[in-house]
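Here is how the chains run, residue by residue.
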Amino acid sequence: ETGVTQTPRHLVMGMTNKKSLKCEQHLGHNAMYWYKQSAKKPLELMFVYNFKEQTENNSVPSRFSPECPNSSHLFLHLHTLQPEDSALYLCASSPGTGNTIYFGEGSWLTVV
Amino acid sequence: AQSVTQLDSHVSVSEGTPVLLRCNYSSSYSPSLFWYVQHPNKGLQLLLKYTSAATLVKGINGFEAEFKKSETSFHLTKPSAHMSDAAEYFCVVDSGNTPLVFGKGTRLSVIA
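Heads up: the protein sequence lines correspond to chains B and P, in order.
Going by our numbering, the first sequence opens with residue 1, and the numbers climb by one from there.
Going by our numbering, the second sequence opens with residue 113, and the numbers climb by one from there.
Just chain B, with the same shape it has in the complex (with noise of 0.2 Å):
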């Protein structure tokens, strides 16, 4: 237990659906993170918040769209995805940016 947890943990979805991943963080953390993680290719930032504010968007398409509502929670809603958006995603959190990142255990998002 890490104190981020991400549901669901699968999905499969086709390339016309809207989904969406949700995280949830118990650490009274102000920084959050989604991060991609696909086979053979080094761990890919996409967005960060800070204090429910989107500081970086690592040009990521619009067919992922963050939501940050407030510093505990952060959702990627999904629309219109390709196979190639097949990958793990990750949800992470920190005290502040520039301070230790803790993971959560990650969705799988299957693209079919």
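What the hints contain is simulated information worked out from the structure, not anything from laboratory work.
Here the structure is a predicted model, which is why all the values come from computation and not from measurement.
Virtual Cβ for every residue (Gly too), placed ideally from N, Cα, C.
Be a bit skeptical, because a hint or two may be false.
Unchecked claim - According to the in silico footprint, chain B covers these stretches of chain P (three or more CB under 8 Å from chain B):
#1 154-168
#2 200-208
#3 211-219
What the hints assert, rightly or not - Computed cross-link-like contacts, EDC-like style, restricted to lysine to aspartate or glutamate with a CA-CA straight-line distance of at most 20 Å:
#4 K40(B) to D120(P)
#5 K161(P) to E200(P)
#6 K170(P) to D197(P)
#7 K154(P) to D197(P)
#8 K36(B) to E24(B)
#9 K36(B) to D85(B)
#10 K36(B) to E200(P)
#11 K36(B) to E67(B)
#12 K22(B) to D85(B)
#13 K41(B) to D120(P)
#14 K40(B) to E84(B)
#15 K154(P) to E44(B)
#16 K180(P) to D120(P)
#17 K22(B) to E56(B)
#18 K154(P) to E200(P)
#19 K19(B) to E84(B)
#20 K161(P) to E183(P)
#21 K216(P) to E200(P)
#22 K19(B) to E67(B)
#23 K154(P) to D85(B)
#24 K40(B) to E200(P)
#25 K216(P) to D85(B)
#26 K41(B) to E200(P)
#27 K216(P) to E44(B)
#28 K154(P) to E24(B)
Fit chain P to the known structure of chain B by using the hints.
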């Protein structure tokens, strides 16, 4: 600019023998350095971190790493490998004003 190079994509050791996972970094500033471990189907777990205090850092599960500025290295070691150590290991550098940079990972196999 900062970067991380994990020198081996795969390391295989016998149970009970020492583990050495190599990491070299490049950073314009005095960095913080981390090692994370990822077991199959799990998120990333922090093993240890260096933040400019003692150069020999002890982490969880008997792992330790030594920061060597002259060699720009932060190699991870363990005196005696256990079967449960089989996982993917990531070296990470943080220079404070840019997002964390992850290495490509080293897969550790432990042979009985």
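Results of checking the hints against the structure:
no., hint, verdict
1, 154-168, "holds (count 6)"
2, 200-208, "holds (count 3)"
3, 211-219, "holds (count 6)"
4, K40(B) to D120(P), "14 Å, holds"
5, K161(P) to E200(P), "17 Å, holds"
6, K170(P) to D197(P), "16 Å, holds"
7, K154(P) to D197(P), "14 Å, holds"
8, K36(B) to E24(B), "17 Å, holds"
9, K36(B) to D85(B), "9 Å, holds"
10, K36(B) to E200(P), "16 Å, holds"
11, K36(B) to E67(B), "16 Å, holds"
12, K22(B) to D85(B), "17 Å, holds"
13, K41(B) to D120(P), "15 Å, holds"
14, K40(B) to E84(B), "13 Å, holds"
15, K154(P) to E44(B), "17 Å, holds"
16, K180(P) to D120(P), "18 Å, holds"
17, K22(B) to E56(B), "19 Å, holds"
18, K154(P) to E200(P), "10 Å, holds"
19, K19(B) to E84(B), "16 Å, holds"
20, K161(P) to E183(P), "18 Å, holds"
21, K216(P) to E200(P), "10 Å, holds"
22, K19(B) to E67(B), "13 Å, holds"
23, K154(P) to D85(B), "19 Å, holds"
24, K40(B) to E200(P), "12 Å, holds"
25, K216(P) to D85(B), "19 Å, holds"
26, K41(B) to E200(P), "13 Å, holds"
27, K216(P) to E44(B), "10 Å, holds"
28, K154(P) to E24(B), "16 Å, holds"
Against the hints set out earlier in the document, no violation occurs for any number.
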